[in-house]
Amino acid sequence: MTDCAKVIEDLKNEDNEIVREAAFQAGEFGCEEAVPLLAELLKTSHLGLQEAADHALRHIGGKKTVQAVVPLLRSDDAPVRNLSMDILREVGAQDFPSLVALVHDDDPDIRIFATDILGSSDSFMAVEPLCDALLKDPEVNVRYQAAVSLGDLENPAAAKCLNKAMLDDEWVQYAVIEALAKIKHSSSVDALVKALNTSSDLVASMIIDALGEVGNIKAVTMLLRHLDTSPTALRNKIVKAIVGILGGKSLKLLSATEREKLREYMLIALKDEDEEIQDAAITGLSFVGGEKATDEVLKLASELDPDRDRDRLSEIIENLSNLTMNPALVNAVNNGNFKKAAIAIDVLSRLEGREVAQVLMDAFEGKERDLKRGILDALVKTAGEEAKDFFVGVLENEQDGTMLKAAIYFLGQKLGVKDESDKIFALLSHSYDDVKEAALDACVSIGGDDINQKFIDLFNSEEPIERLMSVYAMGKLDAAGNLELIQQALEDELPDIRKIALEALTDCAAGMDNLSLVVSRLNDENRDVRLTVIELMGKCYQPEVIPYIVQALQDDDDWVQIRAAEALGNHREQDALPHLIPKLDSPNKLVVLKVIEALGAIGGTLAFQALLEASNAGGDPEIMQAAEEAIFKIQEKQGDRN
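The numbering used here puts the first residue of the sequence shown at 1, with every later residue one more than the last.
No lab work stands behind these hints, which were simulated from the structure alone.
All clues stand as given, with none of them false.
Derived pair list, reagent style DSS-like, types lysine-lysine, alpha-carbon separation capped at 30 angstroms: (1) Lys-12 x Lys-43; (2) Lys-367 x Lys-292; (3) Lys-182 x Lys-249; (4) Lys-299 x Lys-339; (5) Lys-136 x Lys-160; (6) Lys-299 x Lys-367; (7) Lys-367 x Lys-423; (8) Lys-414 x Lys-388; (9) Lys-381 x Lys-436; (10) Lys-423 x Lys-436; (11) Lys-218 x Lys-261; (12) Lys-539 x Lys-637; (13) Lys-252 x Lys-182; (14) Lys-164 x Lys-184; (15) Lys-381 x Lys-476; (16) Lys-63 x Lys-136; (17) Lys-249 x Lys-218; (18) Lys-454 x Lys-418; (19) Lys-454 x Lys-414; (20) Lys-388 x Lys-367; (21) Lys-271 x Lys-249; (22) Lys-423 x Lys-388; (23) Lys-160 x Lys-184; (24) Lys-339 x Lys-271; (25) Lys-339 x Lys-292; (26) Lys-388 x Lys-340; (27) Lys-340 x Lys-261; (28) Lys-299 x Lys-271; (29) Lys-64 x Lys-43; (30) Lys-252 x Lys-218; (31) Lys-436 x Lys-476; (32) Lys-12 x Lys-64; (33) Lys-589 x Lys-633.
Distance windows between CB atoms, simulated: (34) Glu-276 x Ile-465: 52 to 58 angstroms; (35) Ser-255 x Asp-109: 50 to 56 angstroms; (36) Val-140 x Thr-198: 15 to 21 angstroms; (37) Asp-109 x Gln-625: 56 to 62 angstroms; (38) Gly-619 x Asp-370: 57 to 63 angstroms; (39) Lys-633 x Asp-370: 50 to 56 angstroms; (40) Glu-213 x Gly-447: 53 to 59 angstroms.
Positions of the beta carbon are idealized from the N, C-alpha and C atoms, including for glycine.
Could you put together the complete structure from these sequences and hints?
This is the structure in structure tokens:
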């Protein structure tokens, strides 16, 4: 007995479990002769049988399946009808004539079902019968569904009949407009705009939204003509559509009269309840708005919640930065409430020009702390030499750490002002660590012999933090020239200073000339110092460092062993395998896992055999799984080479 013959026999069994299994097998074997029996199972109230039959029919598909399922659309049982429709949405296109015949059925419900199913066919062949239904069917709901389905197909060939259907009932127009918005065909613009003159406000609103989505530039002229005659709500939507089609920059290409008209209506649109309309107006005004528009947008932005509306506020500020500086921005910085002033400062930080810096500097005095901070941040971004004296004044007169950091960065790193280096160097003794750090980076950026000598002198300080900064700076400024002092720092009582000294000695580009000094700390009493040695040698990996990294595998500290294994694995050091493999017996699980990872990265026969043994050793499942994954990695690499 063939497989399908057995399946058909089982489908007739009275045991539901046997029938269910047979249904699944019918789908698996593609048994077309089982289709009638499977279609019958869709009528059962047994969900398991329905599910199996559904699955099988979708899998088998074809003309026979379509013709067997179509009659079920007439079932009085809604779940059966719905299930049948769902199947036909997937396989109906495999027998188009059967579906098209349903479009002309006497029963309007069947015609609705048919137009729905055709919309899921993803076939150009569905366009003609759907257009026929849209323009000729006497039942409004059939025409509505035909329009929806044409939109789902998104085939430009449907635009012609959809354009004609704009003269249909309002209910059908809703679906037609949505379909045209999806298809985005240029021929639809005229039909949509023409319908504006005779449509209700609701339909007109949908048409305007659709024109915005279609995005065809020829709609702009027609929409501009409707601005003066439309009620406020529709006019605001027209504003949104025009800005959406043209984009902000292209608004400048309109005639002066059109720009002025649009500007006035965009100002009105700012007060619309719809945030999308407000945002479109803001986008447009940021290019053609001017002083009044700036003031209105700043007012709207200052009423937003900085936390809840963070993204929107950021977008508004970005839009306002398309403007040139104007009196409204200046007034907001000087006289606005805190939120309005803060937004204006943020906008100015994105503009260029000496006049921008001057406005910010003039506004600084008398402002509260956070606004002062904002002004300094803006000046750091936008100002140049013209703000030097201003920032020197900040350095001399302000106590706030954030303000001092801004001044230090501007003078030291942005301008590299050598004649103010004494003031910046003095801030290395500031009580705030972040100010110290900013001053240190600025001094390194300024550089020069004078600065270097100051750090040499600082090396003799009794304060550990000052010695640490000294060693860091000497390494950055002139590691070779300061080698003797950096070498002394390797013996400092503080581990952090020894670590900084190691980093100062490590110049990968120079070929690790100071290797002997670096490895001298491989036996340091402090684990973190030893870790630093391994990390630096791993970073500046050269043949001469390999023996020292291998030596670190015997360190008393597990983390030093782990970092050594990682370095050897990252660089696929074959010669290290005899030293890595014994670490598989480490009592520390993390060490074992890292060694396994390294062996997988290095590969080769030795690593493979060791991992194979580890994967079969029993014990910790995580270790065995890691070994298996490492083996797979080696096999993959071997396969790539072959």
